[in-house]
Amino acid sequence: MNANLKPVPNAPALLDVEHARKTFPRGDGGELLVLDDVSLSVAPGEIVGLLGRSGSGKSTLLRLIAGLAEPSGGEVRYLGKPVAGPAAGIAMVFQSFALFPWLTVYENVALGLEALHVPRDEIRSRSLAAIDLIGLDGFESAYPRELSGGMRQRVGFARALVVHPNILLMDEPFSALDVLTAENLRTDFLDLWSDGKMPIKGVILVTHNIEEAVQMSDRILVFATNPGRIVTSIDVKIPRPRDRLDPAFAALVERIYVEMTAKPGRGTTARPERAPGVGIDTVLPRVSSNLLSGLIETVAAQPFAGKADLPEIASELQLEIDDLFPVAESLQMLRFAEVEGGDLRLTPDGLAFADAASDERKRVFARHLLGQVPLAAHIRRVLDERASHAAPKSRFLDELEDHMSPESAEQTLRALVSWARYAEVFAYDDETGMFSLENPT
Amino acid sequence: MPNTTAWSTANRGAPTRFDLIALLLVVGLLVFLAAASRGVLAPLATIEASPVSLDPSHLPEYAARSTLRMLAAMLLSLLFTFTYATWAAKSPRAGRILVPLLDVLQSVPILGFISVTFVFFMSLAPGRVLGAEFAAIFGIFTSQAWNMAFSFYQSLRTVPVELEEAARSFRLSAWARFWRLEVPFGMPPLVWNMMMSMSGGWFFVVASEAFTVGAKTVTLPGMGAYIALASAESNFKAVGYAIATMLIVILLYDQLLFRPLVAWADRFRFEQEPGALPPRSWVLDALGKSILVARFLRFLRRTWRKLGAAFRAAPGLPRLESPQHAKRLDLVATCVVGLLLLLALWEIRDVLVTQLSWGEIGVAVGLGAITMLRVFVLIALASIVWVPIGVWIGLKPRVARVAQPVAQFLAAFPTNLLFSVVVPVIVAWNLSPNIWLSPLMILGTQWYILFNVIAGASSIPGEMRSVATNLGLTGWLWWRKVALPAVFPFYVTGALTASGGSWNAAIVAEVASWGQQHVEAAGLGAYIADATVAGDFHRIALGVVTMSVFVLIINRILWRPLYYYAERKFRLS
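Line by line, the protein sequences give chains E and Y. Just so we're on the same page, this note's numbering is the position in the first sequence counted from 1, plus 12. Just so we're on the same page, this note's numbering is the position in the second sequence counted from 1, plus 31.
Keep in mind that the hints were calculated from the coordinates and are not lab data. None of these values were measured; they are calculated from a predicted model. Ideal Cβ placement from N, Cα and C applies to all residues, glycine included. Warning: the hint list may mix true and false statements.
Across the chosen pairs, the derived CB separations fall in these ranges [to be verified]:
| # | chain 1 | residue 1 | chain 2 | residue 2 | range |
| --- | --- | --- | --- | --- | --- |
| 1 | Y | 278 | E | 192 | 55 to 65 Å |
| 2 | E | 192 | Y | 339 | 35 to 45 Å |
| 3 | Y | 427 | E | 374 | 41 to 51 Å |
| 4 | E | 35 | Y | 341 | 33 to 43 Å |
| 5 | Y | 364 | E | 238 | 45 to 55 Å |
| 6 | Y | 155 | E | 414 | 31 to 41 Å |
| 7 | Y | 501 | E | 262 | 42 to 52 Å |
| 8 | E | 195 | Y | 364 | 50 to 60 Å |
| 9 | Y | 339 | E | 35 | 33 to 43 Å |
In silico contact screen, one side only, chain E against chain Y (beta carbon under 8 Å); selected entries [said to hold, decoys possible]:
| # | residue |
| --- | --- |
| 10 | 78 |
| 11 | 98 |
| 12 | 103 |
| 13 | 106 |
| 14 | 110 |
| 15 | 112 |
| 16 | 113 |
| 17 | 114 |
| 18 | 127 |
| 19 | 128 |
| 20 | 130 |
| 21 | 175 |
| 22 | 178 |
Given only the sequences and the hints, what does the whole structure look like? Please build it.
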């Protein structure tokens with residue numbers, strides 16, 4: 013909460029997003045829905061966190077707000093006026109910093125003011141003030157390549173603040189930094205925010221880091237994937253500065269984990285023998301078999317003994333949700349584990365896998381792959397039926413593209429190939445693009 | 032560093048109908064120029080050939096004139112690059128035809144077409160040397176512009192999304208985005224391609240200053256005219272002077288223009304390769320310390336800002352890509368392209384089909400096959416020689432640092448200066464021109480293979496070399512499993528550049544004269560050269576079109592697939 017600007021529930025909103033939709037054209041002429049019916053508003057003095065996994069459309073939403081993309085439906089309003097193109101009072105901080113490598117720190121910061129045609133001496137004083145505020149003085153003449161990641165992102169902040177925006181958009185601004193640097197930058201930012209030293213009135217933070225969202229936000233909007241949409245809104249009432257060891261903090265993190273692992277429509281699935289929702293049209297995450305084995309071994313071992321709390325594993329293994337969730341979901345899809353209520357519990361087969369030797373593991377994995385992943389079974393069946401025991405990749409790509417984007421189809425096949433190679437259920441030659449039953453000589 | 036080549040990735044797949052349209056448009060244009068120049072041959076007689084003297088005291092003036100032509104053409108090429116490439120990149124609609132068009136233009140051996148462009152330009156400024164100057168500059172321009180435009184087009188297409196978004200979200204105008212983001216981002220590859228273009232340009236400037244159309248000889252005072260006169264008079268001493276002067280000129284050009292430019296452009300490099308030493312230039316260092324230069328730069332910056340302000344004040348351009356306009360624009364564009372296509376077909380029918388027999392076309396294609404054989408054999412020979420040497424040099428950083436600029440320098444040297452020296456040898460020893468004229472074609476272009484292989488070998492990671500040593504890989508096994516795969520993508524880049532250049536060089540290399548002696552090899556290059564001397568525009572057009580098609584087909588079915596294969600399979604990192 014900003015000291016000068018306490019969030020007032022009924023104050024006129026800085027920003028309103030109403031029923032925003034975003035679709036992208038698909039190769040086959042159809043449309044890919046990446047953001048479905050999203051509404052939110054930002055009140056003065058508020059930090060709103062958009063939390064979700066990659067592909068949940070949160071970055072797309074941020075770009076709609078920034079005026080960098082146009083919604084396919086619905087509306088974005090800033091101070092009551094529809095956003096058409098980048099607005100004067102909205103500035104953005106980027107994940108990869110997006111600094112101009114051929115400009116010095118000072119020139120990078122001054123660039124935004126030059127674009128606004130501010131007089132020269134005002135550019136100078138405001139740029140230096142922003143550099144000073146963000147703790148960069150002394151670095152004015154340095155080039156970005158001479159700076160560490162943390163200093164580079166400070167330039168990113170200074171460049172955004174120098175234009176005196178009302179709203180600051182942050183697109184995973186700390187995720188390209190190491191843990192210590194990120195923490196340092198976050199606390200510095202929150203201190204400036206709490207002291208009201210920054211010209212901004214509201215912040216939208218996109219993140220996939222649950223703890224970061226809890227630490228920084230006044231309100232967290234949790235996103236789900238396929239299509240991207242808001243599933244919950246959580247008010248964070250913990251007083252600032254927030255302490256990660258505070259039980260209320262940990263409880264909230266746990267609660268969000270539960271929200272994010274909850275399966276919609278669970279219990280209604282008609283095919284209990286298979287993980288819910290897995291069909292030939294399921295997009296498979298690119299998770300290596302090493303990661304799968306690694307997580308199974310970790311959960312099987314002490315202190316977890318077969319059942320682990322996801323936040324605990326995440327902090328133990330230093331994994332972010334974008335790393336951890338795909339692995340956990342893959343295990344669930346393969347029926348090596350059950351994920352529910354923020355916990356991951358190994359199935360008997362998962363436990364057996366953990367105890368098995370290398371060859372036995374491959375056999376178990378092969379059985380589960382063919383039994384639980386319809387696409388694997390499908391490819392294997394095609395290969396078995398053909399006299400040549402070979403089939404081109406394009407055949408399966410075409411099939412998949414009826415259900416998903418070409419990129420997702422490519423990713424799904426690549427993921428499957430990596431699992432199938434490990435399980436030795438079929439082979440793939442990238443040079444010729446052929447699936448086959450032969451083992452390479 | 033030299034691994035950025037101008038290569039269209041936009042249409043890497045199977046040829047589309049736009050490729051065919053582009054090909055027909057270019058062929059139509061060539062034929063039109065040839066036909067147009069036929070009627071205006073007469074005024075050519077009225078201009079006096081400017082006298083050229085073999086006195087070495089004139090050499091500085093001739094060198095300066097040739098250099099100025101190069102500079103003028105380079106400015107023209109930059110202008111073309113910034114407009115054509117930007118248009119092609121910003122408007123996907125226009126890009127669909129502009130990119131294949133560039134691809135076709137790139138394979139036109141304009142050297143064979145110089146007489147036609149000469150006559151055409153002189154018809155614009157009849158009876159004046161200026162017309163000939165325009166033609167020479169235009170000719171040099173056509174040898175420089177295409178790869179620069181390609182390089183810039185590709186840079187525009189690969190500007191990092193977040194930088195683009197940052198520029199937009201900080202509300203930089205399109206004008207500011209172009210100069211603050213897109214041009215700087217495209218600068219390092221563009222400078223590299225300018226250097227490559229320059230190398231080709233010297234070859235061209237020498238060829239374009241003196242040549243014969245029909246019974247007339249046109250001479251523009253310059254290094255090329257000087258050397259032509261020296262060969263015509265069998266003056267060895269003068270040839271020696273010319274070669275020495277050229278060496279000095281290229282050295283100065285390199286030190287005063289390109290080293291500083293490369294060193295300066297390094298700041299725009301988006302990713303710094305770790306461990307790579309930034310290029311340096313004593314000229315740039317000296318300029319950087321000068322107060323006068325700093326003052327001048329400040330003046331330029333201020334002027335530039337005013338210019339930008341004036342540009343902003345001007346009414347904004349209509350948004351061409353907005354959906355309302357799109358349909359109507361599409362229709363107009365289709366009509367224009369269709370109309371041009373009809374005109375092209377008409378010209379082709381009118382000039383080529385009705386005036387030339389199938390037999391003549393067969394002769395051109397047959398000679399093309401002979402030249403193709405020559406190019407392939409030469410590339411193979413040059414590869415056998417330069418790949419091992421290049422790898423050896425590349426693995427020794429100290430040697431590489433010296434050898435790399437030397438190879439680049441040699442590539443810039445216009446080897447057509449040497450051609451006339453070779454002829455007396457061939458005549459004296461009674462050698463077969465079919466074999467012994469051939470090496471001239473690759474004399475200037477083989478260096479591309481060398482310096483690309485050097486670059487490839489020096490980029491082999493230290494760890495990979497250590498592994499090879501650790502496993503005891505030596506001899507042929509080491510070459511087969513380590514060195515050759517590692518340099519392969521670089522080699523392909525070099526070989527395709529060398530191949531393209533050799534086709535163009537064939538036009539001057541397959542025919543050579545020294546005084547009264549004249550030797551000629553069978554080939555498409557000699558065919559074009561002979562047709563030029565005879566002033567037979569139909570056969571010039573036929574020869575040039577045939578050569579373009581040969582180059583285009585070879586690029587499409589050999590070099591381009593090889594290039595992508597190499598990129599996919601062998602590119603380290």
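Okay, the hints, checked on the actual structure:
1. Y:278 <-> E:192: 55 to 65 Å: With Cβ atoms ~58 Å apart, the hint holds.
2. E:192 <-> Y:339: 35 to 45 Å: Holds: the Cβ-Cβ distance is about 43 Å, inside 35 to 45 Å.
3. Y:427 <-> E:374: 41 to 51 Å: 47 Å, holds
4. E:35 <-> Y:341: 33 to 43 Å: Roughly 41 Å apart at Cβ, these two residues keep to the hinted range, so it holds.
5. Y:364 <-> E:238: 45 to 55 Å: 39 Å, violated
6. Y:155 <-> E:414: 31 to 41 Å: With a Cβ separation near 59 Å, residue 155 of chain Y and residue 414 of chain E fall outside 31 to 41 Å, so the hint is violated.
7. Y:501 <-> E:262: 42 to 52 Å: 49 Å, holds
8. E:195 <-> Y:364: 50 to 60 Å: 55 Å, holds
9. Y:339 <-> E:35: 33 to 43 Å: Because 37 Å falls inside the window, the suggested range holds.
10. 78: 5 Å, holds
11. 98: It holds, given that the least Cβ distance between residue 98 of chain E and chain Y is near 5 Å, below 8 Å.
12. 103: 7 Å, holds
13. 106: 5 Å, holds
14. 110: Result: holds, 4 Å to nearest chain Y Cβ.
15. 112: With Cβ-Cβ at 7 Å, under 8 Å, it holds.
16. 113: 6 Å, holds
17. 114: Since chain Y brings a Cβ to about 5 Å from residue 114 of chain E, closer than 8 Å, the hint holds.
18. 127: With Cβ-Cβ at 4 Å, under 8 Å, it holds.
19. 128: 7 Å, holds
20. 130: It is violated, given that the least Cβ distance between residue 130 of chain E and chain Y is near 12 Å, above 8 Å.
21. 175: 7 Å, holds
22. 178: 14 Å, violated
When each numbered hint is compared with the structure, violations occur for hints 5, 6, 20 and 22.
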